[in-house]
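J.: The listed protein sequences correspond, in order, to chains L and Y.
In terms of the working numbering, the first sequence opens at residue 1 and continues consecutively.
In terms of the working numbering, the second sequence opens at residue 1 and continues consecutively.
Just so you know, these hints were derived from the structure itself, not from any lab.
Keep in mind it's a predicted model, so treat the numbers as computed, not measured.
Be careful, since some hints might not be right.
Partial list, computed: chain L residues near chain Y (C-beta under 10 angstroms) [said to hold, decoys possible]:
1) 2
2) 79
3) 85
We put the beta carbon where it would ideally sit given N, CA and C, even for glycine.
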Amino acid sequence: MSKIELKNVTLNYAERKSVFTALDDVSFSVKAGEFVSIIGASGCGKSSLLSLLEGLNFPTQGVITIDGQEITGTGEDRAVVFQHYSLFPWMTTRGNVIYGIKQVNKKLTNQELTAIADDYLEKVGLSGFENKYPLQLSGGMQQRAAIARALAMSPSILLMDEPFGAVDAKNRKILQELLLELWENSEEKKTVVFVTHDIDEAILLSDRIIMMTSNPGRIKKEIPIDFPRPRTGSHLLESKKYLNFRKELLATFFNDISEKIGGEEVAL
Amino acid sequence: MKDKLKKQLNITNLLFIVFLLIQLLPEQYSKETYEINIIIFVIGIQVIYLLLSFLNKKEEKMETIQDIIAISYLLIIIWQLLTSKSAILNELLFPAPGIVIEQFIADLPKILEGIQSSIFIIIQGYLLALVTAIPLGLAAGWHIRFGNSFLYVSKFFGSIPPIVYIPYAIALLPAFRDASVFVIFAASFWPILGATMAGVFNIEKKILDSAKTLNVGKLSMLFHVMLPAALPEILMGCSQGLGISFILLTSAEMIGGKTGMGYYIKYYSDFGDFTRIVVGIIVLGVVVSILTYFFNLLQSYLLRWRQ
Ligand SMILES: Nc1ncnc2c1ncn2[C@@H]1O[C@H](COP(=O)(O)OP(=O)(O)O)[C@@H](O)[C@H]1O
Ligand SMILES: [Mg+2]
Numbered sequence: 001m002s003k004i005e006l007k008n009v010t011l012n013y014a015e016r017k018s019v020f021t022a023l024d025d026v027s028f029s030v031k032a033g034e035f036v037s038i039i040g041a042s043g044c045g046k047s048s049l050l051s052l053l054e055g056l057n058f059p060t061q062g063v064i065t066i067d068g069q070e071i072t073g074t075g076e077d078r079a080v081v082f083q084h085y086s087l088f089p090w091m092t093t094r095g096n097v098i099y100g101i102k103q104v105n106k107k108l109t110n111q112e113l114t115a116i117a118d119d120y121l122e123k124v125g126l127s128g129f130e131n132k133y134p135l136q137l138s139g140g141m142q143q144r145a146a147i148a149r150a151l152a153m154s155p156s157i158l159l160m161d162e163p164f165g166a167v168d169a170k171n172r173k174i175l176q177e178l179l180l181e182l183w184e185n186s187e188e189k190k191t192v193v194f195v196t197h198d199i200d201e202a203i204l205l206s207d208r209i210i211m212m213t214s215n216p217g218r219i220k221k222e223i224p225i226d227f228p229r230p231r232t233g234s235h236l237l238e239s240k241k242y243l244n245f246r247k248e249l250l251a252t253f254f255n256d257i258s259e260k261i262g263g264e265e266v267a268l
Numbered sequence: 001m002k003d004k005l006k007k008q009l010n011i012t013n014l015l016f017i018v019f020l021l022i023q024l025l026p027e028q029y030s031k032e033t034y035e036i037n038i039i040i041f042v043i044g045i046q047v048i049y050l051l052l053s054f055l056n057k058k059e060e061k062m063e064t065i066q067d068i069i070a071i072s073y074l075l076i077i078i079w080q081l082l083t084s085k086s087a088i089l090n091e092l093l094f095p096a097p098g099i100v101i102e103q104f105i106a107d108l109p110k111i112l113e114g115i116q117s118s119i120f121i122i123i124q125g126y127l128l129a130l131v132t133a134i135p136l137g138l139a140a141g142w143h144i145r146f147g148n149s150f151l152y153v154s155k156f157f158g159s160i161p162p163i164v165y166i167p168y169a170i171a172l173l174p175a176f177r178d179a180s181v182f183v184i185f186a187a188s189f190w191p192i193l194g195a196t197m198a199g200v201f202n203i204e205k206k207i208l209d210s211a212k213t214l215n216v217g218k219l220s221m222l223f224h225v226m227l228p229a230a231l232p233e234i235l236m237g238c239s240q241g242l243g244i245s246f247i248l249l250t251s252a253e254m255i256g257g258k259t260g261m262g263y264y265i266k267y268y269s270d271f272g273d274f275t276r277i278v279v280g281i282i283v284l285g286v287v288v289s290i291l292t293y294f295f296n297l298l299q300s301y302l303l304r305w306r307q
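Go ahead and model the full structure; you've got the sequences and the hints to work with.
T.: Below, the structure written as structure tokens:
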């Protein structure tokens with residue numbers, strides 16, 4: 001059985017006089033422990049799709065199940081990392097992680113909470129920054145802390161909405177590899193749904209890429225990525241196979257974009 | 001050493017010397033003006049200032065203190081020049097600074113008692129407003145529909161000058177104390193409520209989404225997420241409420257009180273005792289400034305997370 005399953009999902013936003021279809025008949029499934037990226041131009045409905053998985057919104061038509069159960073709201077089985085505002089600015093990094101753990105485990109003592117939080121902060125390379133407030137950290141460090149909080153809540157599913165979209169290029173590379181390492185080395189592999197508009201990021205991280213088109217948001221293509229793991233960005237770049245593969249993907253991607261008039265900007 | 005001496009060449013010290021020179025001028029007021037009081041006062045401040053400037057390393061903080069002292073000296077110099085040193089102003093209406101200090105010392109027990117009574121009344125009414133307006137504002141913000149119309153209700157009541165509550169309060173609550181507590185409650189309630197609701201409305205949606213994905217409980221959502229997220233705006237309402245409270249309480253004391261600085265000023269103005277009126281005004285100003293200072297300290301502590 002698949003971990004996550006979407007069947008004929010349609011999402012409409014009611015506007016003042018009309019109805020806007022953000023997602024149209026979207027179906028796909030994600031296996032347990034699989035890393036799936038959703039890629040598409042901005043405005044094609046990636047965040048809308050993820051909000052359904054997060055349980056913050058519900059499909060107009062169709063069903064979404066997790067472990068066979070229909071989603072009824074947010075849940076402890078899922079943790080989320082947004083591009084911005086995942087962390088609460090009035091809590092320190094340690095406070096943020098502890099607050100997250102407390103929501104899934106109310107019985108731990110303060111000492112135990114602190115120990116777990118510091119452990120995860122160390123894993124993401126934030127030792128020494130436990131008592132800093134998010135606004136005192138760089139964008140990249142904020143995302144590290146958000147990832148630490150998400151992992152510390154030990155969810156089985158990780159939902160990430162362009163988590164590195166606002167991080168500078170160099171730190172983005174570092175964070176991608178950190179995420180890969182954490183994911184590959186975790187005891188029970190987490191199922192990850194990762195939204196991005198960066199093709200290289202998607203290839204590096206994913207087992208499978210789901211490409212979307214916009215207006216209305218539909219699935220254009222599903223592409224399995226079978227480069228051997230563990231992967232690193234520099235290794236991939238050296239292989240001819242990768243370069244050809246990337247070229248093909250870009251062609252598919254741009255084919256879609258040039259079909260639209262005034263296609264939107266895509267970071268590559 | 002040379003640097004340290006050079007640093008002493010500033011306006012504050014210059015004004016201090018000007019002040020000393022002015023003392024050489026003959027007195028022009030006919031009654032005793034107790035000039036020695038103001039001389040001791042200014043010298044005392046100057047000693048503290050010099051001690052601070054030699055001990056303190058933080059330039060920025062020192063600059064503020066230095067400016068405040070310079071302005072105080074300037075005001076005292078102008079005050080003396082216009083009163084005892086020239087008699088430009090009417091002696092009966094404008095007492096010299098020395099005699100104001102003399103009167104202040106004589107009335108000190110009465111003044112302290114008055115301040116204490118005023119502050120207790122304000123704390124009671126204000127705390128009552130805080131503990132009711134903030135939870136209500138958070139809850140109203142939570143139920144957005146309810147909150148939307150409620151925002152207008154609060155704007156309506158907030159726009160009524162709170163002074164109109166005084167006659168009602170006095171009529172309904174015969175004890176002056178209770179009436180004052182009620183007036184301060186009513187006056188600070190609306191700005192705090194309005195600010196809390198506005199604060200909740202303006203919370204970034206992503207923050208609330210983030211909290212929801214953590215499966216935060218309702219109470220934790222209200223007090224661990226919405227309250228701190230709205231806190232910057234809530235504190236603006238609180239500061240507004242505190243300001244109104246002082247204005248109102250002083251007015252109430254002048255209208256119907258038997259305690260407090262408002263009463264002190266009103267009582268002696270009936271006798272045309274302008275020395276005591278000036279004492280009352282200065283004391284009020286100093287008390288409000290000190291409270292504002294502590295409020296700002298608390299505010300910057302509570303909002304220390306904002307860079
Ligand atoms: N709450 C909403 N109400 C109405 N329209 C929305 C809402 N959220 C998103 N949309 C619209 O849905 C489309 C998809 O948005 P989104 O899911 O954010 O795309 P992406 O994340 O791929 O950039 C956009 O055209 C956007 O304007
Ligand atoms: Mg988006």
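J.: For each hint, tell me whether it holds in the structure or not.
T.: These are the hints, each one checked on the structure:
Because the smallest distance between the Cβ of residue 2/L and any Cβ of chain Y comes to about 22 angstroms, over 10 angstroms, the interface hint for this residue is violated. The closest approach between the C-beta of residue 79/L and any C-beta of chain Y is roughly 7 angstroms, which is under the 10 angstroms cut-off, so the hint is satisfied. Annotation: residue 85/L was flagged as interfacial toward chain Y, and the flag holds, the nearest CB pair being 4 angstroms apart, inside 10 angstroms.
Violated hints amount to a single one, hint 1; each of the other numbered hints is respected by the structure.
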